[in-house]
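**Student:** From first to last, the protein sequence lines stand for chains A and B. The first sequence begins at 4 in this note's numbering and counts up by one. The second sequence begins at 18 in this note's numbering and counts up by one.
Bear in mind the hints are in silico, worked out from the structure with no lab data behind them. Accuracy of the hints is not assured; some may be wrong.
Unchecked claim - Some residues of chain A that are not near chain B, with every Cβ distance over 10 Å (derived):
id	residue
1	167
2	221
3	416
4	455
What the hints assert, rightly or not - Here are the simulated lysine-lysine pairs, DSS-like style, with alpha carbons at most 25 Å apart:
id	chain 1	residue 1	chain 2	residue 2
5	A	300	A	47
6	A	212	B	151
7	A	47	A	208
8	B	151	A	213
9	B	195	A	213
10	A	208	B	151
11	A	213	B	153
12	A	235	B	153
13	A	376	A	119
14	B	108	B	151
15	A	376	A	300
16	A	208	B	153
17	B	195	B	153
18	B	173	B	195
19	B	43	A	473
20	B	43	A	212
21	A	235	A	119
22	B	195	A	208
What the hints assert, rightly or not - Quick list of the computed label-pair ranges, beta carbon to beta carbon:
id	chain 1	residue 1	chain 2	residue 2	range
23	B	180	A	22	41 to 47 Å
24	A	157	B	104	38 to 44 Å
25	A	160	B	24	25 to 31 Å
26	A	29	B	24	39 to 45 Å
27	B	138	A	22	20 to 26 Å
Keep in mind the model is a prediction, meaning the values are calculated, not measured. Backbone N, C-alpha and C define an ideal beta-carbon position, used for all residues, glycine too.
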Amino acid sequence: MEAAKQTSVTVAPAPRELEREPLVLNNRSLGWISDRICGIVEDKAPTWWWVSFIISLPTAMICFLMIGYLISTGVGVWGLNHPIAWGWAIVNFVWWIGIGHAGTLISAILFLLRQKWRTSINRAAEAMTIFAVMCAGIFPAIHVGRIWFAWWLFPLPNSNGPIWPQFRSPLLWDVFAVSTYFTVSLLFWYMGLIPDLATIRDRCKSVYKKFFYGLFALGWTGSNRHWSNYEKAYLLLAGLSTPLVLSVHSIVSFDFAVSQLPGWHTTIFPPYFVAGAVFSGFGMVLTLMVPLRSIFKLEDIITVRHIELMCKVILTTGSIVGYAYGMEVFIAWYGGNPYEAYAFQNRAFGPYWWAYWIMISCNVLSPQFFWFKKIRSNMLYVFILSIFVNIGMWFERFVIVVTSLHRDYLPSNWGYYSPTHVDILTYVGTFGLFMALFLLFIRFLPLIAISEVKGVTPQADPHHPLGGAKEGKH
Amino acid sequence: MSGVGRQYGVLAEYDTPADAIAAAEKVRDAGYTQWDVHTPFPVHGMDEAMGLKNSRVGWFTFCGGMTGFFGGNLMIWFMNSFDYGIVVGGKPLYSPLFAFPVSYEMTILFSAFGSLLGMLFLNRLPRLHHPLLKNKRFGSVTHDKFYVVIECADPKYSEEETHSLLEESGSTHLEVVKE
């Protein structure tokens with residue numbers, strides 16, 4: 004101790020090229036961060052918001068009208084027929100639920116990996132997760148046929164014995180996985196919102212707004228005794244969401260993999276589905292965040308570096324997905340099972356060849372552009388490629404569901420599936436629902452986690468000169 | 018005890034997290050117990066500066082998780098094996114293997130509720146009223162200011178000493194908060 008006191012250590016400042024790019028650009032102050040983010044909620048709704056909302060709301064209504072038509076008429080209004088009993092409903096379900104996975108990856112896995120850049124995007128991505136899971140949840144509920152019996156999926160007593168749900172079935176695992184996923188995502192999202200709701204509460208002029216934001220802020224005072232428990236709970240929720248998100252898409256893949264059907268019965272499915280889910284989810288995050296950051300002038304908080312990092316996640320997961328496609332084809336040949344080999348040959352060169360090649364070009368080829376920094380930092384290219392990712396992942400699910408089903412072992416069991424206008428409009432309607440919910444979210448809730456972004460600035464670091472650290476102390 | 022006009026505590030404002038930490042260390046060393054630091058975001062190192070122990074939220078998570086896992090297994094055993102067993106494909110009526118995915122999800126579900134509700138319970142939230150929230154100046158706690166609050170209920174509290182302690186700690190503003 005004595006020696007340490009006597010020697011004065013001078014630390015040379017790090018060379019410029021070793022310095023990390025700051026997470027919030029232009030050295031913005033703590034106050035600027037809350038002003039800018041709360042400003043979005045406090046200012047009058049811009050015209051584009053009203054225009055988009057007025058378009059989204061009737062689109063969402065189309066979804067519910069189509070569901071009403073389906074229930075009142077019967078599943079015949081969909082394009083399902085022997086042998087293709089799983090069509091767009093399951094494709095859309097898997098697609099939407101996959102999109103949700105990016106939100107949890109950002110909020111939980113990147114948190115555990117100490118990736119501080121997540122703070123700028125986690126709130127909007129988590130909101131996206133919740134709304135995407137809501138859209139996803141519609142499809143399994145309405146595809147059961149007799150929708151008024153959908154509650155039999157839940158372990159509720161009924162008058163038939165009661166005959167309980169069959170827990171050996173992966174379809175029932177799915178019910179638990181998806182409902183747990185939705186609930187835990189909602190809890191995690193809400194917990195993250197508590198300090199930020201308090202920020203809005205403390206800024207509100209209107210008594211009503213102050214009351215409502217205050218009610219949901221639960222009386223938060225920013226007490227450090229509270230923060231201490233809060234941070235622990237946040238860490239635990241991140242630790243819980245990580246195995247959860249990996250399990251959800253694994254279980255979704257079990258819906259297929261546990262069956263005996265060539266093209267579905269593969270052990271590679273769980274990791275391949277999870278990678279694909281993260282891939283498509285990041286595509287959707289970019290589709291939403293790239294326009295939002297420029298509309299709301301958030302370039303200092305969601306910087307080009309953030310966008311680039313997300314592009315790199317897309318590149319990685321897209322390549323994993325590409326590897327999985329390759330491995331599927333390899334095993335189909337190497338496994339020596341003629342039915343398996345036929346299923347994959349039929350995917351690429353059969354009647355659905357177009358879907359397979361759209362999938363390959365959007366999912367395997369398009370993310371490879373993200374090797375180039377020029378493309379990663381050009382917002383227009385990033386936006387366009389993110390849409391390709393969304394399209395590609397929808398086709399992946401279409402290929403898995405439909406091409407595996409459409410040719411059974413006997414040629415008399417062969418068919419060709421086409422969606423009806425009800426299938427298409429229900430899917431289009433879920434976009435309206437998703438967009439309407441997302442627009443309401445950016446209107447009424449802070450779109451970026453204010454307290455978390457503040458926490459990663461140098462002003463928040465008590466050991467940084469900007470955080471008030473004095474020379475020779477700490 | 019009408020509460021009107023009674024003092025709740027002393028509020029000291031700081032501009033930077035480093036100042037707040039330095040002040041917290043002083044208050045901790047002076048032996049106060051009924052006090053707190055209020056910040057717009059969790060400040061790194063503040064728990065040590067305040068002398069706080071590790072949070073106990075984990076116990077709630079653990080209990081939630083145990084409830085979920087064993088509750089899930091119990092539910093599946095009861096429904097598929099005890100109350101109304103249906104043999105499917107000659108498989109056992111209950112096996113921890115097929116019961117695992119659902120029990121696993123329930124473990125996570127109940128742990129998550131345990132974490133959030135445990136955090137709220139330990140923080141005694143939700144709370145509809147707090148003396149500090151009535152204070153005009155305290156509104157900046159969610160914006161960009163840092164506060165140390167020593168309650169009058171603290172056995173060591175004395176108007177003179179507490180005030181001078183906070184003044185010396187570099188506070189930019191000192192104020193008495195009413196109940």
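**Student:** Now tell me, hint by hint, if it's right for this structure.
**Tutor:** Structure-based check of each hint:
no. : hint                      : result
1   : 167                       : violated, 3 Å
2   : 221                       : violated, 4 Å
3   : 416                       : holds, 23 Å
4   : 455                       : violated, 7 Å
5   : A:300 / A:47              : holds, 16 Å
6   : A:212 / B:151             : holds, 16 Å
7   : A:47 / A:208              : holds, 14 Å
8   : B:151 / A:213             : holds, 12 Å
9   : B:195 / A:213             : holds, 21 Å
10  : A:208 / B:151             : holds, 14 Å
11  : A:213 / B:153             : holds, 14 Å
12  : A:235 / B:153             : violated, 30 Å
13  : A:376 / A:119             : holds, 21 Å
14  : B:108 / B:151             : violated, 64 Å
15  : A:376 / A:300             : holds, 22 Å
16  : A:208 / B:153             : holds, 12 Å
17  : B:195 / B:153             : holds, 12 Å
18  : B:173 / B:195             : holds, 19 Å
19  : B:43 / A:473              : holds, 16 Å
20  : B:43 / A:212              : violated, 38 Å
21  : A:235 / A:119             : holds, 17 Å
22  : B:195 / A:208             : holds, 22 Å
23  : B:180 / A:22: 41 to 47 Å  : holds, 43 Å
24  : A:157 / B:104: 38 to 44 Å : violated, 23 Å
25  : A:160 / B:24: 25 to 31 Å  : violated, 57 Å
26  : A:29 / B:24: 39 to 45 Å   : holds, 43 Å
27  : B:138 / A:22: 20 to 26 Å  : violated, 43 Å
When the structure is compared with the earlier hints, violations turn up for hints 1, 2, 4, 12, 14, 20, 24, 25, 27 and for no others.
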